[in-house]
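Participant: Spelled out, the chains give:
2 protein chains.
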Amino acid sequence: MNDVMSTILNHRSIRHFEDKALSTEQIREIVSCAQAASTSSFIQAYSIIGVKDVEKKKKLAELAGNQEYVLKNGHFFIFCADLHRHSFIGENKEENINQSIESTEKFMVALIDAALAAQNTAIAAESMGLGICYIGGIRNKLEEVKELLKTPERVIPLFGMAVGYPSKLTDQKPRLPMNHIYHEDEYEQDKGVYASQLEEYDEVISSYYTKRTNGKRKDRWTDQITNMLNKPTRMYMKEFIEKNKMNLK
Amino acid sequence: MNDVMSTILNHRSIRHFEDKALSTEQIREIVSCAQAASTSSFIQAYSIIGVKDVEKKKKLAELAGNQEYVLKNGHFFIFCADLHRHSFIGENKEENINQSIESTEKFMVALIDAALAAQNTAIAAESMGLGICYIGGIRNKLEEVKELLKTPERVIPLFGMAVGYPSKLTDQKPRLPMNHIYHEDEYEQDKGVYASQLEEYDEVISSYYTKRTNGKRKDRWTDQITNMLNKPTRMYMKEFIEKNKMNLK
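Heads up: the sequence lines are chains D and G, in that order. All residue numbers for the first sequence refer to this note's numbering, where the first residue is 1082 and numbers rise by one. All residue numbers for the second sequence refer to this note's numbering, where the first residue is 1082 and numbers rise by one.
One copy or two, either will do: identical chains are not told apart, so a pair holds if it fits within one copy or between any two.
The list that follows gives simulated cross-link-like pairs (lysine-lysine, DSS-like), each with its CA atoms no further than 25 Å apart:
1) K1133 <-> K1153
2) K1133 <-> K1272
3) K1174 <-> K1272
4) K1222 <-> K1330
5) K1272 <-> K1324
6) K1254 <-> K1297
7) K1272 <-> K1227
8) K1326 <-> K1272
Because the hints were derived from the structure by calculation, they are not lab data. This one's a predicted model, so the numbers in the text were calculated from it and none came from an experiment.
Please put together the full structure from these sequences, using the hints given.
Facilitator: What follows is the structure, given as C-alpha cells:
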C-alpha cells in the first residue's frame, strides 16, 4: 500500500471547514492536477469555475438546497461539461461541426472529461491535507447557476466541489461488496447471487447506522435507494441541456 | 509537491505493455480504490467488468477499431453506467422507480459515478508503477460489446481501460492554457481573450509536434478539433441508450 492508494482509500466527504481560504498557489497546483487527467481524443471538453465572490457563494449555497458548506469552505469549484470552445472554433473556421457537438455521444464525452478532471482535483486536494465534498445540488437550479456564472451556450455546470481545511471529520460509509460492483469476463448472470450480495450489503449498512446512532437508525441501503428514486428529481434536465444547445440527438 | 501530485502530473497514456498479467491481489487493490471514490447520494450507479478471457479481449480489440493494446496488456477493465441494480431492487420491492431511472438526470449521475471510479483506478494503477490507457473505442459497437459481456438492461458500457507494465513510454501532450480551462467567479466574457488563448495553445501544440516529428507534423489543436468534429461518430448512441432503458427523458 503506497501513499497514493492510502490517500484514495482514506477519502470521506467533508462538510465542515475551517475559515481559511486556499492560496492562489494551492489552487494552481490543484488545477494543474485536474488538467493532467486523460481526455477523450484530446478534446478537453470541460471547464472549471472557481468561485471566490462571497455573494455568489451565498447564492450557490441557497440554490444547492441551503448547503452551508457551499459558502463556508477554502475554495469552491464548479465543473462543467464544455463544448463551447469547440463550437467557437468551428464558427471561426466556418466549419459545420454542430451535428457532432449536439450528439449524445459528445455529451457523454464532455461529462466524462469533466468527471475525470474533477476526481484528480479531489485526490490532489486530499493529498494536501484538504477535505472535499462533491455538490450535485447545483443541478437543482441550473438556469440560475448559469446566470450567476455567465456560462455561454454549450456549457453545462455539472457539480460543485467544496474544498478546504477540515474542521470535523466524518466516517467512511462502507461500499457495495466488491464482487457486486466488479465482475469478471461477464456481468453476473445468477439472479440469486446478485440478490444475496444486495442482502449482505443491507446488513452491513444497517449495522453501520446502528453503531453510529446507538440504534436510532437502522437504514438498509436498498430502502434508501427506493426512497430516493421514488421521488424523481431534476426532471427539467433534458430541456435545460437542449436549450443550451448540447445533446441529445 | 507530494508523491500523490507527482503521480497525477506524471500521467501519460500507455499503449505498449509487457506480457505480464496483473495479480488477483493487484486487481483487488485497484478495485478497492475505484470503490473509494465519491458517489452521488450514495447511489453507486456503476459497475466494472474485468476482462481476462483472451477470446473476449481479441473481440474487444477488434470492436474498438483494431487497437492492439486492448488485447495486449496486464488487465482490461470496462467501466459501465449501471442502474440495473437499482431497477432490480425497485422490482423486488414493487416500487415504481422507473421515472427516476429513465431520466436524463440519473443517466448523468451514473456516467459521473463511473468516471470518478475510473479515475481512481487510473491513479491507483499508476501509483503501482503500471501504465493505463482509456479506451473510448468500445463505444464504436456497443451492441456487440453488450452481447460479449452479457450486460443486462440499464447497463451502458462507457469505456475501457488497458492497464499493465509499460514497455514503451510516451510523451505528455501539453494541455490547454490553465486560464482557458479555469475561470474565476464567471466564465470568460471577453471573446478576444478567449480567442487569443486558443491561438497561444495552437502555437504550443504545433511546436510540440514539430519537435517530436522533426518538423514532419505541425498540427494545430484547433485544426485537430475541427477535423475530428467534422465527422460525426457513434450517432446511434441515443437509440442504444434508450433501447437499454436508460435515459433520456
